[in-house]
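Residues per chain are reported as follows:
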Amino acid sequence: MKERLSGNEAVATAMKQINPDTVAAYPITPSTEVPQYFSSFVANGSVDTEFIPVESEHSAMSACIGAAAAGGRVMSATSSQGLAYMFEMLYVASGLRLPIVLICANRALSAPINIHNDHSDSMGVRDCGFIQLYSENNQEAYDNTIMAIKIAEKAHLPVMVCYDGFITSHSVENIELLDTKVVREFIGQKKLDEYLLDEKRNISMGPLDVQEYYFKHRIELAEAMEQAKDIVKEVSDEFYKISGRKYDMFETYKLEDAEYGIIALNSTAGTIKDEIDELRENGIKVGLLKPRCFRPFDYINIPEALKNLKSLAILDKADSVNGFSGPLFSEITSAMYYKKLNVKTVNYIYGLGGYDIKKDDIKKVFDEIIEISKSDKEFKVKRYIYNEMEGK
Amino acid sequence: MAYILKDIVNKKDRFVSGHRMCAGCAAPVIVRSVLRSLNDEDNAVVSVATSCLEVSSCIYPYTSWDHCSFIHTAFECAASTLSGVEATYNSLKKTGKLKNEHETKFIAFGGDGGTVDIGFQALSGAFERGHNITYVCYDNEAYMNTGTQRSSATPHFADTTTSPAGEKTPGKVQQRKDMTEIMVKHNSPYVAQTALYGNLKDIHEKSHKAIYTDGPTYLNVFSPCPRGWGYNTEDLAKISKLAVDTCFWPLYEVENGVYKLNYKPIKKVPVEEFLKMQKRFKHLFKEENRYLIEEIQKEIDKKWEYLLMMEKITNNKEN
Numbered sequence: 000m001k002e003r004l005s006g007n008e009a010v011a012t013a014m015k016q017i018n019p020d021t022v023a024a025y026p027i028t029p030s031t032e033v034p035q036y037f038s039s040f041v042a043n044g045s046v047d048t049e050f051i052p053v054e055s056e057h058s059a060m061s062a063c064i065g066a067a068a069a070g071g072r073v074m075s076a077t078s079s080q081g082l083a084y085m086f087e088m089l090y091v092a093s094g095l096r097l098p099i100v101l102i103c104a105n106r107a108l109s110a111p112i113n114i115h116n117d118h119s120d121s122m123g124v125r126d127c128g129f130i131q132l133y134s135e136n137n138q139e140a141y142d143n144t145i146m147a148i149k150i151a152e153k154a155h156l157p158v159m160v161c162y163d164g165f166i167t168s169h170s171v172e173n174i175e176l177l178d179t180k181v182v183r184e185f186i187g188q189k190k191l192d193e194y195l196l197d198e199k200r201n202i203s204m205g206p207l208d209v210q211e212y213y214f215k216h217r218i219e220l221a222e223a224m225e226q227a228k229d230i231v232k233e234v235s236d237e238f239y240k241i242s243g244r245k246y247d248m249f250e251t252y253k254l255e256d257a258e259y260g261i262i263a264l265n266s267t268a269g270t271i272k273d274e275i276d277e278l279r280e281n282g283i284k285v286g287l288l289k290p291r292c293f294r295p296f297d298y299i300n301i302p303e304a305l306k307n308l309k310s311l312a313i314l315d316k317a318d319s320v321n322g323f324s325g326p327l328f329s330e331i332t333s334a335m336y337y338k339k340l341n342v343k344t345v346n347y348i349y350g351l352g353g354y355d356i357k358k359d360d361i362k363k364v365f366d367e368i369i370e371i372s373k374s375d376k377e378f379k380v381k382r383y384i385y386n387e388m389e390g391k
Numbered sequence: 000m001a002y003i004l005k006d007i008v009n010k011k012d013r014f015v016s017g018h019r020m021c022a023g024c025a026a027p028v029i030v031r032s033v034l035r036s037l038n039d040e041d042n043a044v045v046s047v048a049t050s051c052l053e054v055s056s057c058i059y060p061y062t063s064w065d066h067c068s069f070i071h072t073a074f075e076c077a078a079s080t081l082s083g084v085e086a087t088y089n090s091l092k093k094t095g096k097l098k099n100e101h102e103t104k105f106i107a108f109g110g111d112g113g114t115v116d117i118g119f120q121a122l123s124g125a126f127e128r129g130h131n132i133t134y135v136c137y138d139n140e141a142y143m144n145t146g147t148q149r150s151s152a153t154p155h156f157a158d159t160t161t162s163p164a165g166e167k168t169p170g171k172v173q174q175r176k177d178m179t180e181i182m183v184k185h186n187s188p189y190v191a192q193t194a195l196y197g198n199l200k201d202i203h204e205k206s207h208k209a210i211y212t213d214g215p216t217y218l219n220v221f222s223p224c225p226r227g228w229g230y231n232t233e234d235l236a237k238i239s240k241l242a243v244d245t246c247f248w249p250l251y252e253v254e255n256g257v258y259k260l261n262y263k264p265i266k267k268v269p270v271e272e273f274l275k276m277q278k279r280f281k282h283l284f285k286e287e288n289r290y291l292i293e294e295i296q297k298e299i300d301k302k303w304e305y306l307l308m309m310e311k312i313t314n315n316k317e318n
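Chains L and E, in that order, give the protein sequences. Be aware that the first sequence starts at 0, since it is given in numbering that gives the first Met the number 0, and climbs by one per residue. Be aware that the second sequence starts at 0, since it is given in numbering that gives the first Met the number 0, and climbs by one per residue.
Everything labelled a hint here was simulated from the structure, so no lab data went into it. Treat the hints loosely; a few may be bogus.
[What the hints assert, rightly or not] According to the in silico footprint, chain L covers these stretches of chain E (three or more CB under 8 angstroms from chain L): (1) 43 to 53; (2) 91 to 98; (3) 201 to 211.
Just so you know, these numbers come straight off a predicted model, no measurement behind them. Even glycine gets a Cβ: it sits at the ideal position worked out from N, Cα and C.
Could you put the whole structure together from the sequences, leaning on the hints where they help?
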């Protein structure tokens with residue numbers, strides 16, 4: 000079924016089709032529309048969900064934890080400061096191994112306050128134990144939301160579905176919706192086992208762990224995240240059968256025979272694909288790798304896909320203040336080192352606070368890394384794609 | 000039904016021995032008293048804020064919580080966590096996914112830090128949304144789990160590790176936040192203040208009423224702490240009684256806005272009797288500080304007059 004929907008609308012529609020037991024959310028730009036649309040589904044009786052209009056994001060995640068521990072299928076949505084405010088509870092959600100699905104319309108962090116897109120929010124919580132799925136466009140945001148439910152419940156881990164604020168959340172695009180019946184069959188009914196509301200078998204959750212048990216439980220969490228790789232692939236394959244749309248841990252675009260590569264998350268990948276098409280017309284062999292799943296991270300197959308490149312640009316829409324690089328760069332180059340892959344790689348920090356990234360910028364990036372590949376000179380690893388303001 | 004302590008203590012115990020709470024601490028007695036007021040056939044989910052109670056009652060792989068489910072998430076969110084549990088109960092009931100035979104009740108426990116300070120927003124939000132929960136604050140009047148730091152429930156002039164009695168300041172210089180009154184203003188159908196008084200009839204009856212009243216209900220329970228207050232462990236009952244008899248901690252309840260004082264001492268015991276049992280007020284008995292005891296007495300008298308007035312006003316049908 001074809002539709003024209005904004006990213007937020009597409010995600011809210013997925014949520015309607017999922018029909019979760021409980022949704023707890025607090026409004027924050029640019030994700031606000033998600034709970035807003037969803038409230039109208041509740042008000043009109045098109046879902047069975049109990050909607051909890053909490054007084055903060057901290058309580059949103061706390062209520063989601065209580066709801067998931069009670070046995071419910073649970074969702075929420077947030078951005079930026081909201082995600083930062085949830086920080087403490089994100090670790091509790093994953094530590095208690097609760098399959099919560101959190102929608103994150105990516106936005107910059109204060110200060111200064113800025114409502115536009117970058118990835119500082121979700122990258123800031125990348126080690127919290129949530130699976131992180133990134134989405135290039137409205138279609139992927141919709142598809143990932145549906146798959147997230149199944150991934151979360153199979154992995155016993157919470158999942159964050161990320162897409163770019165405004166660029167994706169507010170832009171209207173043509174998308175293909177699945178039938179609600181197909182979605183519900185795909186996700187199935189949530190199994191009720193080990194839940195607070197079981198009157199026949201009471202449980203205690205959230206204990207104090209002394210050192211030995213704490214470490215053991217943290218290792219188990221890490222192992223669950225490692226095993227989630229297979230679950231992500233498995234669920235994506237099942238999703239292909241009902242949708243005809245292929246998903247994996249990462250996507251490549253014209254990378255097979257490429258000499259120069261580029262890596263980016265979310266909507267920028269779309270801009271890059273366009274530029275790649277143009278450069279290819281001029282005979283320049285360029286290609287893209289777009290990670291879909293940042294946690295768990297495919298540190299085996301990603302370097303494998305990059306091994307024939309002459310040089311590589313890794314674009315980070317989040318900075319690590321005076322760190323060696325942005326988070327995507329450090330993750331990928333670590334994996335490359337481990338695979339003994341020696342490809343000249345440059346880190347570009349771009350688009351902070353929604354600062355526009357254009358095809359021209361991508362062209363410049365390629366120009367630079369082509370230049371670097373041809374020279375033996377040392378090069379600056381971390382660069383900012385930023386043009387000084389005119390007249391200043 | 001007449002209250003017979005012997006029968007009550009023989010009811011199903013939902014908070015069992017093995018926990019690591021200190022001797023002479025009121026909190027475990029409060030928890031057992033509150034949970035005993037549940038009808039035996041009913042189930043309960045208990046949400047506990049990070050606190051002495053939490054870290055002492057559920058140390059992996061053990062738990063003291065029996066015949067009820069327990070969840071702890073973090074310090075400031077016992078109420079919001081429980082609101083998620085309660086909403087999901089309603090959701091799963093509505094859709095027929097949950098096929099429980101008995102009723103489930105939802106009870107949160109927090110210390111004063113987790114309730115009146117860091118947990119206040121979550122609590123206030125949950126009450127405004129009207130979840131069918133009972134929130135119990137065991138108020139030991141400071142941050143005991145971290146070592147007796149002041150909270151906004153710490154009484155005037157008490158010596159704590161962050162409001163120490165020194166050369167220039169005589170303990171906590173501010174008066175405490177009046178949490179019971181604040182919760183009354185949330186339009187809760189039932190708010191009560193209680194203590195471990197005498198044969199525990201007061202806390203039993205108020206707990207039962209709170210748990211079986213529809214909507215968000217609140218119990219503020221006086222919870223002496225031998226470590227933080229500096230009294231002998233065997234004096235728990237005595238100190239609780241003195242708090243009530245001096246009107247330092249009046250026993251009262253507010254049902255749909257109507258006040259009822261559950262105990263009116265014929266003659267108020269001077270507050271000095273209550274203060275002198277505790278190390279945290281020791282500095283007030285120095286000659287140069289004695290006037291501060293008078294100040295505390297005045298504050299107590301004022302609050303007591305206020306409660307008498309509220310009882311009179313809210314019970315007057317013509318008003």
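To see whether the hints hold, each was checked on the structure:
1. 43 to 53: That given contact holds, which follows from 3 residues of the region 43 to 53 of chain E lying within Cβ reach (below 8 angstroms) of chain L.
2. 91 to 98: holds (count 5)
3. 201 to 211: It is violated, with 0 qualifying residues against the three required.
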